[in-house]
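Colleague: This is what each chain is made of:
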Amino acid sequence: MFLKRRWALSRAILALTGLFALLNACVEAVPPEFNFEDDLIIIDALVSTAAGTSYAKVQQTSYEFGLYRSKHISGCTVTLINEDTQEREQLFESEGSYIVDPSFRVQSGSKWYIEVQLPNGQTFRSTTETAPEEVSITNIKENFNPEMLYDEGTESYTSGHEIRINFDDPESHRNFFFYQYRAYEQEVYCMLCEYGVYRNGECLSQINNPALTKEYYTYLCDVPCWKISYNQDINIFSDEFTNGKSVENLLVAKVPFTSKQDILVEVLQLNISQDAYKHYRTIKDLVDNNSGFNAPLPAALIGNFTDLSNPDQIALGRFTAAAAVTETIFIRRSLRDEPLSGDFKSPQPEILGDPVPQPLTYIAPCIESIYRTSDLDAKRLRYFKGTAILEGSTNLTNTP
Amino acid sequence: MNRIQHLFLMCVLCLGVGTPVFGQDFALSVSVFDAETKEPLSGVTVYITECECGGITNPSGIFVKRLDTGTYELTFDYLGYATQTLRVELKGNESLKIGMEVTQEQLSEVVLTAKKRNQNVESPQMGVFELSSRELAKMPAALGEFDVLRSITMMAGVNNAGDISNGVSIRGGSLDQNLMLLESAPVFNPTHLFGLFSVFTPEVISGVDIYRANIPAKYGGRIASVVDVKINNPYTDSFQFEGGIGLISSRLSLTTPIIKDKLMLLAGGRVGFSDLLFPLLVPRLKNTRANFSDHTIKLLYLPSAEDQITYTNFYSKDFYQLDLISSIENIVSSANQYDFSTMNHTLKWLHTFENNTNLTTKLVSSDYQPKNLFPEVDSDNVIRYESSIQYLSGQIEYLNNQTGEVDYYLGAQFNRYHIEPGKLDPGVGNSINPVNLGQELGDEWSVYGSADVSISPKLTLSTGFRLSQFNLVGPYEEARYDADQNYEGSIQYQSGERVVSYTYPEPRLGLNWMVGERASFKASYARMYQYIQNIYNTNTPLPTSRWKISDRYVKPQQNDTYGFGFYKDFDRQGLELSAETYYRNTTNNLTYKPGADFFLSRSIETEVVQADGRSYGFEFGLHKNSGRFNGFVNYTWARSLLQTNEVNPDDRINNNAWYASDFDRPHTLNATLNFEGDLYNKISFNFVGQTGRPYTIANGVYKQQNVTIPIYLNRNNARLPTYHRLDFSWTIAYSKDPKRRFKGDWVFTIYNIYGRKNPFNIYYAQRNGGVDGSVFLSSPLGSYELTALRGTLVSLSYNFRFK
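The listed protein sequences correspond, in order, to chains A and B. When you line the first sequence up against the numbering used here, it's residues 5 to 404, in that order. When you line the second sequence up against the numbering used here, it's residues 39 to 841, in that order.
Keep in mind the hints are simulated off the structure, nothing from the lab. It cannot be assumed that every hint is accurate.
Dumping the calculated DSSO-like pairs for lysine-lysine here, alpha-carbon to alpha-carbon at most 27 Å [claimed, not checked]:
hint	chain 1	residue 1	chain 2	residue 2
1	A	288	B	409
2	B	662	B	300
3	A	145	A	75
4	A	288	B	300
5	B	135	B	741
6	A	282	B	781
7	A	115	A	231
8	A	218	A	249
9	B	135	B	496
10	B	355	A	249
11	A	145	A	389
12	A	145	A	288
13	A	349	A	115
14	A	258	B	741
15	B	135	B	841
16	B	298	A	288
17	A	264	A	231
18	A	75	A	282
19	A	383	A	264
20	B	409	A	282
21	A	231	B	741
22	B	496	B	593
23	A	282	B	593
24	B	741	B	781
25	A	389	A	231
26	A	115	A	145
27	B	461	A	282
28	B	300	B	129
29	B	300	A	75
30	A	249	B	461
31	B	386	B	496
32	B	300	B	386
33	A	383	A	288
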């Protein structure tokens with residue numbers, strides 16, 4: 005009798021086992037912790053052989069009003085100096101960056117360093133970098149991957165287009181590459197107000213409006229407006245194992261499928277120095293490779309700047325001289341049937357009868373920034389020919 | 039130096055072989071072992087009625103006596119085991135095997151208590167654990183089978199990197215500072231499935247010894263500890279098998295005589311196929327492939343009454359592809375696969391002289407071959423990264439523990455390390471260039487001796503000395519650097535040419551002062567050197583992490599351990615109390631430089647920093663080994679710190695200040711409670727609690743294009759939440775009849791009863807719109823906690839045994 009009872013219990017346990025005996029890893033969002041230090045200076049500067057790509061950013065860590073961030077330091081004197089010719093190129097401040105004349109480009113083989121003087125007189129100088137030779141991209145292609153990225157937050161895969169390139173690696177010397185992309189797609193709307201409406205240039209909260217039935221309203225752009233997006237991961241490659249070979253199918257960009265708007269992707273291949281490559285590889289470890297069981301442990305991001313007033317102090321950031329090559333690919337996302345990734349909100353304009361403050365409003369301005377432009381040049385615009393470009397609404401007014 | 043070693047070896051051989059042989063009488067040799075575990079029983083009293091003489095078995099469980107022709111009655115007595123009497127008619131040399139049965143009325147731990155009673159008090163050895171398979175089996179395991187590495191983390195001073203750990207940390211040391219031995223052969227990768235299971239085939243293990251303080255002089259080469267896993271001796275005259283069926287793996291082992299009383303075999307294996315399981319889990323693991331297997335074969339040959347020859351073969355194989363393991367850069371492939379194997383051989387000859395001293399000769403080889411496979415995109419070609427460690431060793435040791443006043447052993451050992459750090463094979467494709475990093479050859483010569491001396495009834499001294507010499511020999515290409523560490527070129531050494539040599543004395547000392555009959559104070563000191571290290575910059579090394587022998591730049595690691603302790607047995611209650619304190623001073627601990635990349639690096643010395651270390655702590659243990667309720671409580675307070683001394687600010691870790699090592703766990707509390715109420719049910723609870731592992735949080739952030747980058751200035755400046763969990767194990771035995779040949783047990787375990795999510799790591803992630811906004815609030819980065827085990831893990835396995 006007792007034996008029977010025990011056997012029954014064992015069977016019950018076996019059934020339980022089938023349900024629960026699973027070995028699994030788990031990822032859970034937790035409040036981020038920082039050991040934040042104010043007033044750390046970080047300089048990120050690049051000069052390249054392509055016009056319009058050189059810049060310097062001077063940032064300072066700050067903790068204000070409960071926000072951790074790095075803020076732009078205005079009023080710096082930033083000078084590029086050619087070590088051989090002593091040619092000096094002054095950078096000027098523009099939208100949170102320091103930039104050179106749009107036509108400025110460096111020659112391959114030229115040697116440059118940069119000096120940054122803060123408004124308080126503190127001066128940082130980089131080591132000298134030599135701009136490498138350009139390496140052409142011989143082919144660019146894209147493929148749609150329904151499981152391109154794993155999103156820890158939603159515990160699901162994000163679909164998207166993977167951009168792959170081919171190039172012939174020069175055998176004569178080692179090459180190190182850093183990839184960035186910039187993508188243009190037409191904005192479907194220029195403003196989205198959650199639990200609010202767009203009035204007088206801002207979203208006016210309607211959270212206390214008991215009659216409100218819609219979670220959000222969208223507002224068309226007043227002119228054709230182009231969204232600019234950038235890479236959200238770090239893509240690097242060294243010819244450590246491929247020197248002199250044809251490199252094929254190298255994954256250089258991941259463009260999330262967050263909209264069905266056709267998209268123009270410009271891949272920037274920066275041929276950089278070995279030291280610069282090592283720097284970006286460390287960033288990649290900090291940003292992209294930090295989530296697994298074998299994640300490289302966090303490391304200090306040592307750059308190539310020296311604080312001239314305190315040479316023993318670690319200076320953060322890096323100046324890089326690069327040979328830049330751009331290749332473009334146009335992706336017709338409008339032809340895809342797959343569901344979008346992410347939280348895309350369909351257009352939902354105000355309509356007559358909505359319990360919102362009058363007058364009804366339909367449009368919002370396309371405000372120029374690094375994430376948006378209305379001034380897409382003809383060369384880029386050409387790719388969108390044949391696709392339905394949303395007409396601007398300049399002939400509309402906000403009053404019906 | 040080599041001449042001195044050879045001379046010593048000759049002396050040892052002469053000492054052993056030259057021991058005199060008396061008269062024409064015959065040798066009676068008896069091997070005594072535990073009938074169930076096959077573990078040799080040391081210290082069994084053997085009494086021969088006719089001559090009113092006898093003795094005790096040696097550490098190998100062997101007793102030898104020369105006697106005239108005649109009939110003798112032998113009585114074997116050992117506390118906790120049923121006394122056995124045997125009549126022997128001696129007409130020639132005779133070899134007997136005696137399997138002693140645990141007395142039924144006394145449950146298992148009584149035996150161990152009896153055997154070891156007062157050993158912890160009387161021995162001058164400090165910091166040692168001896169766990170039998172029976173003790174290991176009682177500890178609740180994650181998936182229904184006992185696991186050596188998980189079990190030893192219950193001991194004081196033993197930690198790991200978390201639920202996933204490719205090894206253990208002992209007294210704050212790194213994972214590679216432990217000499218992990220299986221039948222004297224080193225195991226370079228001790229785990230399956232990236233640290234979830236030990237590689238040691240469970241059924242064949244007879245026990246594990248862990249030395250952490252004055253490590254015996256016979257061991258060398260690692261500075262933190264020795265973990266010596268032992269395999270059962272297949273003493274048997276009948277076919278037996280046992281095994282188990284579990285969710286992740288299934289096991290089978292058999293023991294059988296091949297030639298009666300001469301040749302016996304033990305073979306055990308385990309296979310795990312997890313491919314089907316992982317896709318059922320979280321989507322993140324859907325592409326996971328993870329298969330493993332291991333086997334252990336041991337042959338025991340008894341050619342004469344005085345000789346015992348064993349051959350052990352161990353093989354372990356893993357193949358996996360894990361989504362939670364990041365890719366290797368710069369090789370364009372569709373996946374990263376890991377394929378690695380260990381093949382060990384141990385040949386051991388034990389010769390026992392008539393005075394019961396013995397000479398042991400060992401030949402050992404260990405071959406570890408990790409590989410990475412990279413299937414190319416749009417092609418059938420597979421690019422292969424391969425590396426290997428081939429270890430060869432010869433050892434001879436003479437043991438005399440029959441005098442009572444001075445027990446001693448002398449020995450010599452030669453180890454050869456042949457490391458191929460890495461080869462990249464492009465296969466049939468043309469997309470990459472082949473890479474070959476050459477080889478590293480290292481010879482380690484050692485002579486050693488140890489003596490335990492009873493100075494007075496209250497004072498025992500254990501002295502040990504090991505002299506080791508390590509030579510890095512050619513062919514070898516050595517890089518040269520200028521004063522600013524700039525590469526200047528390289529020097530090529532020819533085959534056999536010595537590149538660099540290190541010779542170090544390694545004294546060991548232990549002192550035991552008895553206070554009354556059941557208490558003692560102990561003090562110990564040991565110096566050790568390490569000539570091979572595992573290089574990695576992750577929480578726990580990958581099986582493919584690079585191993586490196588010492589060279590001109592990567593200096594041998596040195597360790598001085600000082601210990602002091604108090605031990606007391608409470609005989610009536612069956613309690614053992616121990617309190618140990620230790621201080622470890624280490625140099626040349628290996629740590630990585632910021633941004634280090636070790637994969638196929640030709641100048642790995644430029645990627646690492648050697649740091650000073652100090653670890654200290656206090657370990658308290660209370661063990662109750664007998665009674666229906668038995669178990670233990672261990673509490674440890676300990677620190678483990680490192681400090682670099684680099685001139686270049688970029689190479690300094692935490693600006694050369696002392697910082698917590700990855701294994702700094704100030705507080706650890708481990709407890710096990712067993713309830714052995716009747717013959718059918720055994721219930722155990724385990725509790726593990728320890729301060730969270732140090733990890734690194736950012737000191738700031740900045741943006742580069744659309745990427746928010748964390749800035750780190752100081753390493754290990756925060757701690758993960760406290761690790762704790764409670765486990766439960768219930769073993770249900772079915773066989774009422776103790777004589778029944780087939781027995782089956784169900785083992786039901788609940789790992790992490792209350793579902794504690796112990797984080798393995800916490801890392802930052804880019805903000806993705808409003809996802810998890812209520813948790814991240816206004817933070818520039820998101821943050822996620824990676825937990826190896828999601829909540830409670832319930833498992834049931836069926837174990838069977840046929841005798």
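Colleague: Work down the list of hints and note, for each, if the structure agrees.
Modeller: Okay, the hints, checked on the actual structure:
1. A:288 x B:409: holds, 24 Å
2. B:662 x B:300: violated, 40 Å
3. A:145 x A:75: Violated, because 37 Å separates the two Cα atoms, which is more than 27 Å.
4. A:288 x B:300: Outside the cut-off at roughly 62 Å; violated.
5. B:135 x B:741: violated, 74 Å
6. A:282 x B:781: violated, 61 Å
7. A:115 x A:231: Between residue 115 of chain A and residue 231 of chain A the Cα gap is close to 35 Å, so the pair fails against 27 Å, i.e. violated.
8. A:218 x A:249: Violated, at about 57 Å.
9. B:135 x B:496: violated, 36 Å
10. B:355 x A:249: violated, 34 Å
11. A:145 x A:389: holds, 20 Å
12. A:145 x A:288: holds, 24 Å
13. A:349 x A:115: violated, 49 Å
14. A:258 x B:741: Cα-Cα ~19 Å, so holds.
15. B:135 x B:841: The hint holds at about 17 Å.
16. B:298 x A:288: Answer violated: residue 298 of chain B to residue 288 of chain A is near 64 Å, above 27 Å.
17. A:264 x A:231: Holds: residue 264 of chain A and residue 231 of chain A sit about 13 Å apart, inside 27 Å.
18. A:75 x A:282: holds, 26 Å
19. A:383 x A:264: holds, 22 Å
20. B:409 x A:282: holds, 25 Å
21. A:231 x B:741: Holds: residue 231 of chain A and residue 741 of chain B sit about 19 Å apart, inside 27 Å.
22. B:496 x B:593: Violated, at roughly 42 Å.
23. A:282 x B:593: Status holds; Cα separation ~26 Å.
24. B:741 x B:781: violated, 65 Å
25. A:389 x A:231: Answer holds: residue 389 of chain A to residue 231 of chain A is near 17 Å, not above 27 Å.
26. A:115 x A:145: Violated. Residue 115 of chain A to residue 145 of chain A sits at ~34 Å, over the 27 Å cutoff.
27. B:461 x A:282: This hinted pair holds, its Cα atoms lying about 22 Å apart.
28. B:300 x B:129: holds, 18 Å
29. B:300 x A:75: violated, 81 Å
30. A:249 x B:461: Given pair residue 249 of chain A, residue 461 of chain B holds - Cα atoms ~18 Å apart, limit 27 Å.
31. B:386 x B:496: violated, 36 Å
32. B:300 x B:386: This hinted pair holds, its Cα atoms lying about 16 Å apart.
33. A:383 x A:288: violated, 32 Å
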